[in-house]
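2 protein chains.
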Amino acid sequence: MKVGFIGLGIMGAPMAGQLIAAGHTLYGQSRSGVPQALLDAGATACDTAADVARNADVIITMVPDTPDVAKVLFGEGGVAEGLSAGKIVVDMSSIAPVETKEFAKKINDLGCQYLDAPVSGGEVGAKAGTLTIMVGGPEATFETVKPLFEKMGKNITLVGENGAGQTTKVANQIIVALNILAVSEALVFASKAGADPAKVRQALMGGFANSKILEVHAERMLKRTFNPGFRIALHQKDLALALASAKQLEVALPSTAIAQQLFSAVAANGGAGLDHSALVKALELQAAHTVTPEA
Amino acid sequence: MKVGFIGLGIMGAPMAGQLIAAGHTLYGQSRSGVPQALLDAGATACDTAADVARNADVIITMVPDTPDVAKVLFGEGGVAEGLSAGKIVVDMSSIAPVETKEFAKKINDLGCQYLDAPVSGGEVGAKAGTLTIMVGGPEATFETVKPLFEKMGKNITLVGENGAGQTTKVANQIIVALNILAVSEALVFASKAGADPAKVRQALMGGFANSKILEVHAERMLKRTFNPGFRIALHQKDLALALASAKQLEVALPSTAIAQQLFSAVAANGGAGLDHSALVKALELQAAHTVTPEA
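Chains as they are written, first to last, in this note's numbering: chain A, 1 to 295; chain B, 1001 to 1295.
Heads up, a few of these hints could be off.
[To be verified] If the Cβ cut is set under 10 Å, some of the chain B residues that face chain A in the computed set are:
#1 Lys-1101
#2 Gly-1136
#3 Gln-1166
#4 Thr-1168
#5 Asn-1227
[Claimed, not checked] List of simulated lysine-lysine pairs, DSSO-like, C-alpha gap at most 27 Å:
#6 Lys-2/A <-> Lys-146/A
#7 Lys-199/A <-> Lys-1101/B
#8 Lys-1199/B <-> Lys-1151/B
#9 Lys-199/A <-> Lys-1151/B
#10 Lys-1105/B <-> Lys-151/A
#11 Lys-199/A <-> Lys-1247/B
#12 Lys-1071/B <-> Lys-199/A
#13 Lys-1105/B <-> Lys-1071/B
#14 Lys-154/A <-> Lys-1071/B
[Stated by the list, open to error] A few chain A residues that don't get close to chain B, going by computed Cβ distances all over 10 Å:
#15 Ile-20
#16 Gly-42
#17 Ala-80
#18 Gly-111
#19 Gly-129
#20 Ala-164
#21 Val-188
#22 Lys-192
#23 Arg-220
#24 Thr-225
#25 Gln-236
#26 Val-251
#27 Leu-262
#28 Thr-292
Hints listed in this document are in silico derivations from the structure and should not be mistaken for laboratory results.
Virtual Cβ for every residue (Gly too), placed ideally from N, Cα, C.
Isolated chain A (complex conformation) (with noise of 0.2 Å):
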């Protein structure tokens, strides 16, 4: 398949290159050029995204925000000027749900398909092959993607209309937030108590208070091992999304926003590069104790 590339950073740069090794034809263009292994592989470099769009049949977008994809796909020199009916636009940066819908209206009215496939799993998921990726858009559609998705990602799930792929990632991101709050909440409290918190998480971990986020993170709080991991910069930019997508759709989120307020506090002492298990230190910082556990 002709596919093209457009944001070839930290996540696109490995995520093209599962493309290249599956065989198919790969049409780059990042703002800080295509990266010199990708070009080795075989990878063509383009001057513009409109360039991608006039020699691809499938468009992928990896770029940091909502106003990048603004930019990149209806810009000048951006992928609506290269687009010819019948091509499909599939973004998989994370971004506003409200905005990814007007943007999917506008590729549909050039005669084009458009899905929103944003994903989780970091740069390790992203060079293993194993993101997990959201998707919304129309159902033949997707299926004409998932072979690519395929070589991208592991879980790849088709959960609605356009929209729907970005509005899952936000979900996700607030529950992951929201997670990490909970175990660091009941992990300085415990710890302040008196009580172990290493044994404490093992007790909890057969029951109702299990999570992924039990698991991974509190291990991460105890050990004090805050490399990341995601960084808690990025999670205050998931965040900031979801709460102005909340306000957009008129839904209260009170705990995704003392969650937002608890990174920042993290942010303000140094953290913003930190893991974002490391939001147990705002908890810390208030409670003037550190969750260690016993030798």
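Using the hints, position chain B against chain A.
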């Protein structure tokens, strides 16, 4: 073993039943008398908690709240009056960790041992003998009582010294409440954004957002089956305990406070007797939207 059991309500009666079935001699006392079924099975009814303590070697208490334990142990005709050196008091109620340490010290001063051993798993777990039991106290005492615990529960952990069992139970109730809140915010957001909340839940179950609560309680939200389960009124009691203990310990629990307020909002709308997954109704009220899946 000669076992005393004080508090033979919804939880205590089936727990005591497991002990009789296992061949232990049971001395019972309860505010509303010893249930006929236990008497038929061979239990001996005592007039006072002191009498229970005079007859039994291990005295278990299972009553609603901290003041009830104080009264049953140290009030007139209470356990302390009937204790003699070498006996063991096991409080399986869910009460305050700080007061628990005081109770243990007073029992120790009488030459006796104390375990705090609160449970989770509810009436269903009590009847099936599959409770989770979180224990604080001396290891030797734990080993002595373990054969009794094994008749009442499955997942039995000695977490630490006296108070650690109650601390773990509080930590459990904090995480469960906040994971319910996490799923509630995510599903109300997703549903109001136009995605099918059932499909969003399905897509999230493979990744970092997964939890026992996403598996069990999110399904209750989607199916609108809010019959308990675990009543909001009881979870309100547990979070009140968490917040009061946190104040004593100087720990800030911002999101636990939010969850408590949202439980109050559901209770204000007549929902105190609903399952705690009905917390979602507070967010639905605020968003004027219900998380109804597509047909």
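Evaluation of the provided hints:
no.	hint	result
1	Lys-1101	holds (8 Å)
2	Gly-1136	holds (8 Å)
3	Gln-1166	holds (8 Å)
4	Thr-1168	holds (5 Å)
5	Asn-1227	violated (17 Å)
6	Lys-2/A <-> Lys-146/A	holds (14 Å)
7	Lys-199/A <-> Lys-1101/B	holds (18 Å)
8	Lys-1199/B <-> Lys-1151/B	violated (40 Å)
9	Lys-199/A <-> Lys-1151/B	holds (23 Å)
10	Lys-1105/B <-> Lys-151/A	violated (62 Å)
11	Lys-199/A <-> Lys-1247/B	holds (23 Å)
12	Lys-1071/B <-> Lys-199/A	violated (31 Å)
13	Lys-1105/B <-> Lys-1071/B	holds (16 Å)
14	Lys-154/A <-> Lys-1071/B	violated (58 Å)
15	Ile-20	holds (26 Å)
16	Gly-42	holds (32 Å)
17	Ala-80	holds (24 Å)
18	Gly-111	holds (24 Å)
19	Gly-129	holds (15 Å)
20	Ala-164	violated (4 Å)
21	Val-188	violated (6 Å)
22	Lys-192	violated (5 Å)
23	Arg-220	holds (12 Å)
24	Thr-225	holds (17 Å)
25	Gln-236	holds (17 Å)
26	Val-251	violated (4 Å)
27	Leu-262	violated (7 Å)
28	Thr-292	holds (14 Å)
Consistency with the previously given hints fails for numbers 5, 8, 10, 12, 14, 20, 21, 22, 26, 27, ordered from lowest to highest.
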